[in-house]
Amino acid sequence: MPFKIYVCVKHVPDSAANITILDKTRIEEKITFIINPFDENAIEEAVQLRSKVGDAEVVAVTIGKPAAVETLRSAMAMGADRGIHVVTGDPPDSIATARALKAAILADGAPDIIFTGKGSIDSEGFQTMFRLGAALGVPAANNVASFRLEGRTATVESELEAGGRAVIRMPLPCVIGAGKALNKPRYPILPDIMKARKKPIRTVPMESLDIGTPPASVQLIELRPFSDRRQAKLIPGPVEKAVEELVRLLREEAKVI
Amino acid sequence: MNKKYDAIIIGAGVIGCPIAYELAKMGYKTLNVDKNSDAGLGSTAATCAIIRAHYSTEDGVAMAYEGMKYWKDWENYLGGVKDEKGLAKFMNTGSILLKSKGHDWRKVKKNYDAVGVQYEDWSVERVVKAAPVYDLHEHWPVRRPEDSEFWNESTGMLEGALYCPEGGYVNDPVLSTHNMMRATQAHGGEFLFNVEVVAVRSEANQVKGITLKDGSQFDAPVVVNVAGPHSFKINQMAKGVWEGCNIKTKALRHEVMHCPSPEGYNYYGDGYHTSDADLGIYYRPEVGNMFLIGSEDPKCDPKVYPDPDDFYAGKGGAGEDNQLSEAQWKAQCYRLGRRVPTLRVPNQPRGVVDLYDCSDDWIPIYDKSDMKGFYMAIGTSGNQYKNAPVVGAMMAELIDACQKGLDHDANPFQYKLKYLPRSFNVGFFSRKREINTNSSFSVNG
Ligand SMILES: Cc1cc2nc3c(=O)[nH]c(=O)nc-3n(C[C@H](O)[C@H](O)[C@H](O)COP(=O)(O)OP(=O)(O)OC[C@H]3O[C@@H](n4cnc5c(N)ncnc54)[C@H](O)[C@@H]3O)c2cc1C
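Order-wise, the sequence lines are chains A and B. Position 117, counted from 1, in the first sequence is what our numbering calls 117; the numbers after and before it change by one each time, with no gaps. Position 429, counted from 1, in the second sequence is what our numbering calls 1429; the numbers after and before it change by one each time, with no gaps.
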């Protein structure tokens, strides 16, 4: 039995795109979508682990609209062996997503380890990976900056908000949320991209998965733009006066000093 | 009383500034107006600033080669003026034109010989010696990655290249424009920023001046349209001018990608500017050891002509707005991936999108107009950055001659180049010309 590495990836809007909100809860999707950047670190770590383990397989899993297949192709160009696409309409919340990921993974095989990104750059919920661990009844660590596997024990360093690192030891299977510091993703070269076009993807309709009825759910009420276009402000006059005015603005208006 | 000038130049981009500079040197009291906040922040800000000599017409080659001489002699051109931001630098990488079915390079070679451009004829082996990461298999015709044939293995090889050792690019196009603004100011030229021209005033078919959005007016017997991608809008403001042009201009969207050089290869230090019509792209080194990848707009690619105001406001969505699109990111990077198989392509697009001020035959209009005193230097079609200093001198002399009574339409002005021993029929760039069928109808001009 090969060692089974699953990597959960998400199809997200490019943060550089011009986001337009349509009727409160949806965005105009005629923009560039990419693989969630933290998921690139997850794929990279999975691929490195596969080469260490030897007899191992990396399977990328995504839950998303039909267009999310592009993100699976990106994951496979970066080295995943095959993909599973759970096709949905509107994006499910993190509770349903975690249940769907669990169902899709268990229907495919018995995971030895699961990698995800530490969060997604669109919804930024930072919950899915913990919920996935809970749903599977396995340990999880997020914002992982270093990873080591010895036998069936994973040792990770998890970056904490305050700047410290927690060292966590977990038995397999477990869920690892990759942070930016974990590795430097290697981007694919054209021959990798060509190979990825031929790798298999299994498509599973979301409705066909038995995810039960979660006891709670999150409802999206309204999307609002995070910030309006920033306006540069020119402070005229001689340098001394301009500096005084700048300090006053930073203190009184921006309240940053 | 409206403030009066001898010449008002609409636009302070890389074309508007040298025109003002040369007019100011001749003694004209000039004013450049621009709706951006500084010089060179229009489409010039996104230019690849490649300085190459290969064009499909002999005059095109002559002008570009002349332009190259200016860039190599930048400090002198500016008359020793100081710019507090420093001076732009010409990066002399050398320029490779790959011989392929996509580029009529024989015509280029003939033009090189006629003009006296220095070049070398390179074999495939010689190209690979210079650029070891290149794979010179042939991929013609250009396709998109969405087309399954894009992925076919290539069997043929390219023939080699024409190499022009004097080619390269300018490291900071905005700075180069700023340099020319400072040089103009040193001769008394004025600049007004953050102002939008909304009307061109005239009386009895003689231009009188301009009106800004805030209602203020400036008068001059000479007004020059150098508005880049907005050129057609300015021509439409001047009564009868747009209608009097046989060649029209419109704004064409163009994406430029930044993709990291393959590991272990110093493209920034060792690489060449390359025109690769076999794959419909051109590329040059960029800071950060990047490949900067532009498109030669091959037939299979969609051409998008947005309204420039909507475009700069970020409207229209993927493939139409001012952000890179996933499809084009893949198209241009994967095409380069054919030439450089070790190129790593990130998942997240990086680069710039801007507009070409594209003319019907991809050759600019440097001309007078049907209105007395109204001139235009427009339709730069993605390939005139390199010519900017030449255009400045040529336009200033054309304007001066016309103001002194020359009937340029009947008796075209002959411009004497400053570096090359030849003259130039400025009628070549006439608004009244028929479409020039010698053109490549692409950024190659
Ligand atoms: C992506 C890209 C890559 C390119 N690469 C190359 C290259 O490698 N080599 C090369 O030789 N050429 C290249 N070009 C072409 C070259 O850069 C352009 O031809 C040149 O920059 C055009 O300069 P401009 O001054 O005409 O236009 P702009 O720089 O656009 O200047 C026009 C100015 O007019 C102002 N304006 C417009 N309307 C109004 C108004 N109503 N009121 C006030 N101001 C107004 C604008 O604000 C703007 O600043 C490229 C162009 C692009 C877009």
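If you are wondering where the hints come from, they were derived from the structure by calculation, not from laboratory data. Just so it is clear, CB atoms sit at the ideal spot from N, CA and C, and this is done for glycine as well. Do not take every clue at face value.
Claimed, not checked - Partial list, derived from the structure: chain B residues whose beta carbon lies under 8 Å from chain A:
hint: 1; residue: P1141
hint: 2; residue: G1288
hint: 3; residue: N1289
Claimed, not checked - If you anchor each label on the Cβ, the simulated ranges turn out as follows:
hint: 4; chain 1: A; residue 1: K180; chain 2: B; residue 2: E1434; range: 53 to 61 Å
hint: 5; chain 1: A; residue 1: K241; chain 2: B; residue 2: D1038; range: 37 to 45 Å
hint: 6; chain 1: B; residue 1: V1287; chain 2: A; residue 2: S217; range: 46 to 54 Å
As the list claims (entries may be wrong) - Only pairs whose alpha carbons sit at most 25 Å apart, straight line, appear in this in silico PhoX-like list of lysine-lysine:
hint: 7; chain 1: B; residue 1: K1404; chain 2: A; residue 2: K30
hint: 8; chain 1: A; residue 1: K184; chain 2: B; residue 2: K1035
hint: 9; chain 1: A; residue 1: K30; chain 2: B; residue 2: K1003
hint: 10; chain 1: A; residue 1: K233; chain 2: B; residue 2: K1418
hint: 11; chain 1: B; residue 1: K1025; chain 2: B; residue 2: K1085
hint: 12; chain 1: A; residue 1: K30; chain 2: B; residue 2: K1239
hint: 13; chain 1: A; residue 1: K65; chain 2: B; residue 2: K1109
hint: 14; chain 1: B; residue 1: K1035; chain 2: B; residue 2: K1085
hint: 15; chain 1: B; residue 1: K1303; chain 2: B; residue 2: K1109
hint: 16; chain 1: B; residue 1: K1035; chain 2: B; residue 2: K1072
hint: 17; chain 1: A; residue 1: K24; chain 2: B; residue 2: K1109
hint: 18; chain 1: B; residue 1: K1069; chain 2: B; residue 2: K1107
hint: 19; chain 1: A; residue 1: K198; chain 2: B; residue 2: K1330
hint: 20; chain 1: A; residue 1: K199; chain 2: B; residue 2: K1239
hint: 21; chain 1: B; residue 1: K1299; chain 2: B; residue 2: K1107
hint: 22; chain 1: B; residue 1: K1085; chain 2: A; residue 2: K233
hint: 23; chain 1: A; residue 1: K184; chain 2: A; residue 2: K241
hint: 24; chain 1: B; residue 1: K1072; chain 2: B; residue 2: K1029
hint: 25; chain 1: B; residue 1: K1003; chain 2: B; residue 2: K1239
hint: 26; chain 1: B; residue 1: K1003; chain 2: A; residue 2: K241
hint: 27; chain 1: B; residue 1: K1330; chain 2: A; residue 2: K233
hint: 28; chain 1: A; residue 1: K195; chain 2: B; residue 2: K1372
hint: 29; chain 1: B; residue 1: K1082; chain 2: B; residue 2: K1109
Hinted pair, alpha-carbon criterion (25 Å max): B:K1404, A:K30. Please report holds or violated.
54 Å, violated
CA of A:K195 to CA of B:K1372, is that 25 Å or under?
63 Å, violated
Given the hinted pair A:K233 and B:K1418, is their Cα-Cα distance within 25 Å?
Not satisfied, since the Cα-Cα distance of roughly 43 Å exceeds 25 Å.
For a C-alpha distance cap of 25 Å, please report whether B:K1082 and B:K1109 respect it.
39 Å, violated
Hint check: is the beta carbon of B:N1289 less than 8 Å from a beta carbon of chain A?
Cβ of B:N1289 sits 14 Å from chain A, so the hint is violated.
Checking one constraint from the list: CA of A:K30 to CA of B:K1003, max 25 Å. Satisfied?
Violated: A:K30 and B:K1003 sit about 48 Å apart, past 25 Å.
Range hint 46 to 54 Å (beta carbons of B:V1287 and A:S217) holds or violated
For B:V1287 and A:S217 the Cβ distance comes to about 48 Å; the hint holds.
Holds or violated: 53 to 61 Å for the Cβ distance of A:K180 and B:E1434?
58 Å, holds
Has the given pair, A:K24 with B:K1109, been kept, meaning a C-alpha gap of at most 25 Å?
59 Å, violated
Next pair to validate is B:K1003 with A:K241; report whether the Cα-Cα distance is within 25 Å.
31 Å, violated
Straight-line Cα separation of A:K30 and B:K1239 no greater than 25 Å?
The given pair, whose Cα atoms are some 39 Å apart, is violated under the 25 Å limit.
Holds or violated: A:K198 with B:K1330, Cα cutoff 25 Å?
The given pair, whose Cα atoms are some 17 Å apart, holds under the 25 Å limit.
In summary, the structure is inconsistent with hints 1, 2, 3, 5, 7, 8, 9, 10, 12, 13, 15, 16, 17, 20, 23, 24, 26, 27, 28, 29 from the numbered list given earlier, while agreeing with the others.
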